[in-house]
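In order, the protein sequences belong to chains U and A. Heads up, the first sequence is in this note's numbering, so the first residue is 1 and it goes up one at a time. Heads up, the second sequence is in this note's numbering, so the first residue is 336 and it goes up one at a time.
Simulated from the structure, these hints should not be mistaken for lab results. Since this is a predicted model, take the numbers as computed values, not measurements. Be careful, since some hints might not be right.
As the list claims (entries may be wrong) - Think about it this way: if two alpha-carbon atoms lie no more than 30 Å apart in a straight line, the pair counts; the simulated DSS-like pairs of lysine-lysine are:
no., chain 1, residue 1, chain 2, residue 2
1, U, LYS221, A, LYS530
2, U, LYS210, A, LYS651
3, U, LYS210, A, LYS488
As the list claims (entries may be wrong) - Residues of chain A placed beyond 12 Å of chain U at every Cβ, according to the derived structure:
no., residue
4, VAL367
5, LEU409
6, SER413
7, ILE442
8, ILE463
9, LYS477
10, GLU503
11, ILE594
12, GLY629
Every residue gets a Cβ at the ideal spot worked out from N, C-alpha and C, and that includes glycine.
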Amino acid sequence: MDRVRTRGVQFSDQAQLTLWMLGLLVVVFVVLSIVQPAFLTQGNLRNVINQNSVLIIVSLPVTMLMITGNFDLSIGGVIGMGGVLAAWFCQSVVQGGAGLPYWVAVILALLATTAIGWLNGFLVTRLGVASVIATLGTMSIARGIAYIGASGSMVELGLPRVFRFFGTTEIAGFFSLSMIFMIVAILVFFFIQSQTVFGQKIYLIGANMKAAQLSGVSVRKQINTLYIVSGFVSGFAGILLASRLGAGDCKVGLEYEFNAVVAIILGGTSLYGGRGSVIGTVIGVFIIGMIANTLNMFGANTAWQPIIKGLVIVGAILFQRYAMGLKDRRKLRLE
Amino acid sequence: MNKLNINLKEVSWRSAVKNVYVFGILAIFIIVFTAISPRFIGGPSLAYIIQNAAPLLVVALPATLLMISGNIDLSVGSIVACAGVIMAMLSREGMAAWLAVLIVAVIGMGVGWINGLLVSGLKINSVIATLVMNYVLLGVAKMLCGDTIPYVKGVQDDFSFIGRSKIEGWPVAIFFVIAAIAIFVILQKKSALGKYSFAIGGNRDASTLAGLNTGRMVWILYLIVGIAAGIGGCLMASNQGIGNALSGSGFELDVIIAILIGGTSWAGGEGSVVRTIVGVFILTVLTIGLNMAGVPSFYQFIVKGGVLIAAVYLDKIVKEKISA
Numbered sequence: 001m002d003r004v005r006t007r008g009v010q011f012s013d014q015a016q017l018t019l020w021m022l023g024l025l026v027v028v029f030v031v032l033s034i035v036q037p038a039f040l041t042q043g044n045l046r047n048v049i050n051q052n053s054v055l056i057i058v059s060l061p062v063t064m065l066m067i068t069g070n071f072d073l074s075i076g077g078v079i080g081m082g083g084v085l086a087a088w089f090c091q092s093v094v095q096g097g098a099g100l101p102y103w104v105a106v107i108l109a110l111l112a113t114t115a116i117g118w119l120n121g122f123l124v125t126r127l128g129v130a131s132v133i134a135t136l137g138t139m140s141i142a143r144g145i146a147y148i149g150a151s152g153s154m155v156e157l158g159l160p161r162v163f164r165f166f167g168t169t170e171i172a173g174f175f176s177l178s179m180i181f182m183i184v185a186i187l188v189f190f191f192i193q194s195q196t197v198f199g200q201k202i203y204l205i206g207a208n209m210k211a212a213q214l215s216g217v218s219v220r221k222q223i224n225t226l227y228i229v230s231g232f233v234s235g236f237a238g239i240l241l242a243s244r245l246g247a248g249d250c251k252v253g254l255e256y257e258f259n260a261v262v263a264i265i266l267g268g269t270s271l272y273g274g275r276g277s278v279i280g281t282v283i284g285v286f287i288i289g290m291i292a293n294t295l296n297m298f299g300a301n302t303a304w305q306p307i308i309k310g311l312v313i314v315g316a317i318l319f320q321r322y323a324m325g326l327k328d329r330r331k332l333r334l335e
Numbered sequence: 336m337n338k339l340n341i342n343l344k345e346v347s348w349r350s351a352v353k354n355v356y357v358f359g360i361l362a363i364f365i366i367v368f369t370a371i372s373p374r375f376i377g378g379p380s381l382a383y384i385i386q387n388a389a390p391l392l393v394v395a396l397p398a399t400l401l402m403i404s405g406n407i408d409l410s411v412g413s414i415v416a417c418a419g420v421i422m423a424m425l426s427r428e429g430m431a432a433w434l435a436v437l438i439v440a441v442i443g444m445g446v447g448w449i450n451g452l453l454v455s456g457l458k459i460n461s462v463i464a465t466l467v468m469n470y471v472l473l474g475v476a477k478m479l480c481g482d483t484i485p486y487v488k489g490v491q492d493d494f495s496f497i498g499r500s501k502i503e504g505w506p507v508a509i510f511f512v513i514a515a516i517a518i519f520v521i522l523q524k525k526s527a528l529g530k531y532s533f534a535i536g537g538n539r540d541a542s543t544l545a546g547l548n549t550g551r552m553v554w555i556l557y558l559i560v561g562i563a564a565g566i567g568g569c570l571m572a573s574n575q576g577i578g579n580a581l582s583g584s585g586f587e588l589d590v591i592i593a594i595l596i597g598g599t600s601w602a603g604g605e606g607s608v609v610r611t612i613v614g615v616f617i618l619t620v621l622t623i624g625l626n627m628a629g630v631p632s633f634y635q636f637i638v639k640g641g642v643l644i645a646a647v648y649l650d651k652i653v654k655e656k657i658s659a
């Protein structure tokens, strides 16, 4: 009974914002197609989707964490760590690696990144550390492991051929494997968010943690699980990126936490938790991704991108607040 | 949570314990590193430590007041980077170093004002606002350096004066260190702003209801942190001899670690500028000591993360021991 009621309230707010953002996505799409004809070609659109697929994959669990009111700033470091460890474990012994089969290397790398996720959860839920501070610390640790594994540069020599499998395989000449993983991830996380008790509890925690705890939600377990999932997924994303690059680069994944936060907020997830959606995040990634893509085609200096993203994010926050306020005022008038 | 149950005696007792253990940790580090390399303690090395600690100290002290008020500034790393790059550009154009520092401090204040606008004016969560500012300013710093290389060279001779020179054996940076310590210790202990920071961090709603303009106070704190980060960036660039757009990466983490080692509560309402000074020196001694012991710099990422976790864990233990 409770479940139905909370869901009803959440959904109407959420649906409204998601619709707004979907509208914005369409507007951006149309405008970009007009100002830059090369934007609207099959090759370029595939490129946009392919380039942003990994960001979407890592942003999904982070969205759920944000809905519970917690941050995960460690994802960038964990991506670097996942890629480097996967490469180092399967690098031939002659080149200084561990010389394990690729599938073992992948499993070990994922175990390590999942452990970082577990550490995040431990710090946040057991020690009660603010999630920003805890995940900044683990970001540093994960990035440090990546640097040590790659000796400050890359693990690229003596890798098995199968290492490039995830990054280069294409299906039906259009879908890359990371696009397939993206689609699967979106479906899975959307299902979890909208159809499972776990998903409903996330909103409850974000809306009022104390109330959630008192009504029998095991808040700690829930947040722990999300951090562990986030560590696992980020590690997997790191393996995908390393496979695409053909090497484990310790600097991969820089600024992913920033891009994820931008996309998540643009997608209508509240800064304070309690409101948000996985689909909104996907929309947010594509709005930013399409703008970045067009700017690149115009030959803009890449240093402009964070500045534009910063302006977009502040604009989005203010606009969303305005839109929600408008709705509240309308409600008041009706009463 | 049960903040209301904490009585004042308990809080002062808790700070007393923290004061002791923070100094203890610093002493242990110094002894350990002196044992590893006997050169560690001594005149030249002390000047070196102060020069290296100066940028962090200048920024971490006002950031402590900000954290006491329950807010965080993740953008200091990029303000520091921008400041160094701008100072180097001004020096390259032939400007005297002291004037360049002054101009950069004003620019830092402008950035702090924007941070305050986002957090207090537009009421955006301080983590998000300053995280975004961090990346935006990193973009600005890179853009100022141009397309190819992330640093600015070709500075004048007086560029290195504040960061690296010595006057009769005393590093010039020590004057900045002493000034910063004097200003912020007095600000915390004697000024209204210091008292209000504790009030706001302890209970923001209550402070507002008591007639405090909490938004403006936090805004002013961001302004001060901005100025300090501008000057800290000048000190760092001057010490390195170039304006480097990447020099600020990880600096915000250093600031937070120094503050947390000092036992300042991340939730606000409790903390001490004096203990942050000790925290800064612990971190600097640790970094320099590891360098002298020949530990590769990659390991410092892990060491810093570990120190952060150890600091918060220690803090929790102390809290539990005292309230038990």
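Each hint, compared with the structure:
no., hint, in the structure
1, LYS221/U - LYS530/A, "violated (38 Å)"
2, LYS210/U - LYS651/A, "holds (21 Å)"
3, LYS210/U - LYS488/A, "violated (55 Å)"
4, VAL367, "holds (21 Å)"
5, LEU409, "violated (8 Å)"
6, SER413, "violated (10 Å)"
7, ILE442, "holds (16 Å)"
8, ILE463, "violated (5 Å)"
9, LYS477, "violated (4 Å)"
10, GLU503, "holds (39 Å)"
11, ILE594, "violated (10 Å)"
12, GLY629, "holds (15 Å)"
Violated hints, listed in ascending order, are 1, 3, 5, 6, 8, 9, 11; each of the other numbered hints is respected by the structure.
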